[in-house]
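On the provided structure of chain A, position chain B as indicated by the hints.
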Amino acid sequence: MLTVENLSVRYGAVAAVRELSLSIEPGQLVALLGPNGAGKSSTINALTGLVAPMAGRIVFDGKDISRTRTEDRIRRGLTSTPEGRHIFANLTVGENLRLGAATRRDPKGVRADIDRFLALFPVLSERYAQAAGTLSGGEQQMLAISRSLMSRPKLLLLDEPSLGLAPRIVAQIFDFIGQLKAEGMTLLVVEQNATQALRFADRVYVVSSGALRYDGPPAKLADEHGLLNLYLGG
Amino acid sequence: MDYALQQLLNALAFGAEYSLVALGLAVVFSIMGLVNFAHGEIIGVSAYSVFLAAALGLTSPIVAVLLAVAAAALAAVTFERVAFRPVRYAPTTTGLLTAFGVSIVVQNLFMLLISPKPQSVSILNGLNQMWFFGPFAVSSLQVMELVVSGLTILALVLFLSRSTLGLAIRAASRDFATVRLMGIRANRVIATAFAISGALAGIAAVFILARRGSVSPDLGFGLVLKAFVACVLGGFGSLAGAAAGGMLLGFIEVGLLVALPQEYGGFKDALTYVIIVALLVYRPEGLLGQRVELGDKEI
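For the record, the sequence lines run as chains A and B.
The first sequence begins at 1 in full-length UniProt numbering and counts up by one.
The second sequence begins at 1 in full-length UniProt numbering and counts up by one.
Isolated chain B (complex conformation):
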C-alpha cells in the first residue's frame, strides 16, 4: 500500500512538472507556431538567478521562489523581444533554428560567466522534507509540486477564460490577423504569452532546484525535450493536451520503472518512446489535438 501510494505520488509529481513545462511550450506555440527550444534556458536563467542571489547573501526561500518566477518571465519576454520578434513573420523553420541558437548561446553564457560545472544551491532545500501522515511517509516536495501545479493551471484557465488578454491569446491561436482587427496589439498578446510561458518555467525551476540542490548549464534542456514529447502526445498547440500529455508521460515513465525488473531499468526511455509511438499511430493528432482545418480564405 505504502509502495503503491508512493509510486502514484511519484507519477503525479513527475507528470505535474512535465505539464508545467509543456504548457509553457504550448502557450507560445499555439499563437506563434514557434517551438521554443530555448524554453529550457528560461528554466536555466531562473535557476542561475537564485544561485547568484544566494551567493550574494539571499537567505529567504520565499524571496528566492518569487525571484525564480520573475526572472524566468523576464527572460522569456527578453528572448522574444531580442531574438524571436525579428523573425516573427519568417517561415517556421527560421523560428525553430533561432530557438536552437538562443539555447546554445545562453548555455554557453552560463558556462563562460559562471561555470561549466554544477553549482550547489541549497536555499530551497527546505522544501524537500518527509511528511508523515499516520503510517505514510511522503515527500513534501512532491505534494507541493502537485498542489502548486494544480493551482497554477487553474489560474491559467481563469486568466484565459476571463481576461480580455486571455481571450485574445485563445483567439490568436486560430486567427491572429482578426485579433489585430479587434484593436488588440499583436506585440502585447505575444509578450503576455511569453511571460506566462516563462512564469510556468520559473515554477518548474523552483521544484528542480529544490530536488537537485544544484544548477548546471544544461539544466533545462532534457526537460524541454520531454515537454516537447508531452505536447506531441497531447496534441500540439492544445493547452489542455499539453497538460494531459505531461501527466500521461509522468505515468508512463513511473509505470515502467515499477513494472520493469531492476536489470532492465535501462530500457525505460526506449520503452517510453515505444508506447508513445504506438499511441500516435492510433491517434496521430495526439490525445486532444485537432486536425488542422483548412478554413476560409486567409486575409
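So that you can see chain A by itself, here it is in the shape it has in the complex:
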C-alpha cells in the first residue's frame, strides 16, 4: 500500500527525519512510535506533502507520489488526521463532515456516510449544527477522524490521536481505531502512547532523533523491554 524509502526531512540545518524507510501492507495497522521531537509528525507531513522532503521516495498504491501535491495525494486515497485534531472550529460539526467529503461527487453516498458517523458518535449528532469548537477534546478527535474517513481513504494516517485526552477517552478512540482495522482499513498510527498503539498493531517502527531504531512485530518489542524504556521512557 505504502512504501517509503530513505526519507529525509530537514528544517534549515536541523535534520528532523534521517533516511527513514518503512512499508505498510493493505489491511495492516502500523504503529510509528517515538518520543517527542523524534520526527514522527515530520514523517506524516512529508507523506501528505505538507512538508517537502530533502530526499527519499514515497510510493503509494503502486505510484511514486514524491512530487505529487497534497491535494492530489488526498484524492488518490491517502489522508491524515493531523496532530492536535485541527477541526474547523468556526464551522459546524455537519460542515466539518461535509468538507471531509469535498473530493466526492456522490451526494447520496456522502449523506449515508454522515449518517453512519452520527449513529456511531451520538454526541456529533446532538451537536450537528453547533460550532465544532464547542466540542470537548475527545469529541473533536472523533469528529476529526470521521472527517478524514468522509473522503473514503485507502490509507489513513493518524498523528497522535491520544494527544491531550483523558485515558478513558484514549481507550475509546483506540477501540474505534481497532474497529476500523477490523473493517479492513489500512492505518498508520503515530503515537507517544505505546500501550494503546500496540493493542492493534501488526507491525511497529520506533524512531528516535529522526532515525529508525526498531522495526518488527509488537510482541518482540514488548520482549525487549529495555528498548521500549530507552526510547519511550517506559
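If you are wondering where the hints come from, they were derived from the structure by calculation, not from laboratory data.
The model shown is predicted, which means the values in this text are computed figures rather than measured ones.
Sample of chain A residues facing chain B (criterion: CB under 7 Å; computed from the structure):
1) L50
2) T70
3) H86
4) L91
5) E95
6) L99
7) G100
According to the in silico footprint, chain A covers these stretches of chain B (three or more CB under 8 Å from chain A):
8) 163-174
9) 178-188
Ideal Cβ placement from N, Cα and C applies to all residues, glycine included.
Same frame as chain A, now just chain B:
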C-alpha cells in the same frame, strides 16, 4: 421629516458602498492575511472597462453593469495569478508591498494608456434619478445601492454557508493546511476568494460611475482606504465585521455632516477618525473581531 429620511438614506447608501468594498478586502484578508491595497484598482479596471465599452459604442446599461462586474472579477483573479501567487508564502509585509506596487503600476497604466484626466462616462447616468413616494423625493441610486448591497451580502452568506467552496473559504480563514488535507486545491480556494472580492468591487464601481458620471485613475484608492478603516472598525478578517464596520462608517460620516455647522464641515474627516480611535480604545479587536487564539501546534 423629509430631511431626516434623506439623511438616513444617505447614511445607509454610503454605508452599503463601504460595506461592499470592505467585504472585498476582508474576504481576501481572512484566508491569505493579505491587505489588498490594489483593491481600488480593481474598481478602476471595472470603471475603465465600462468607459472603453461605451467609447466603442455600447449603449445598454444592463450590459455595462454585467461588464463592470465581470471585468472586476477577472482583474482580481489576474492580480492574484500574476502578482500575489508568487509571494503567497512570503512574509505578510511582502504581500502588502506587492499590493501597493500593483496599485501604483495599474494607476500609471490608466494614465499612460487612457488619460490622467477624468473621463466622462454617461452610460449609467440613468440609474441616478429622483423617485417620488408621496411627499418624499428619494434618489433612485441610493435605494438601489441599499437593495443591491443587501441582496449581494445575502448571496455571499448563502454561498459561504451552503457550497463546498464557500465552506472551504471559511475554514481556510483559520487553518489553510487542513483545508488542503481535505483534498481541496489551495489555488481554487484563493482564486474563488479573489473572484468574489472582485465582483463586490465591480458592483461598487457601478454605483460610483452612476453617481460621478466620470472615471479617473485614482477612482478607487480613497475608497479602499475608507474600506480598510471599516475593516479595522469591524474587526479585521471578520466578514460580518467588515459589513458592520462599513455601515457604521457611513453613519458616522453622515451623522457628522448633519451635526456639524456648515463652517466646521472641513473637520468631518478628522472627527470621524477621532470617533474611530475612541471606539478602538474601547474595543481594540474591533466590533466583531476576535482576539487571535494561539492554538495547537501548527502542522
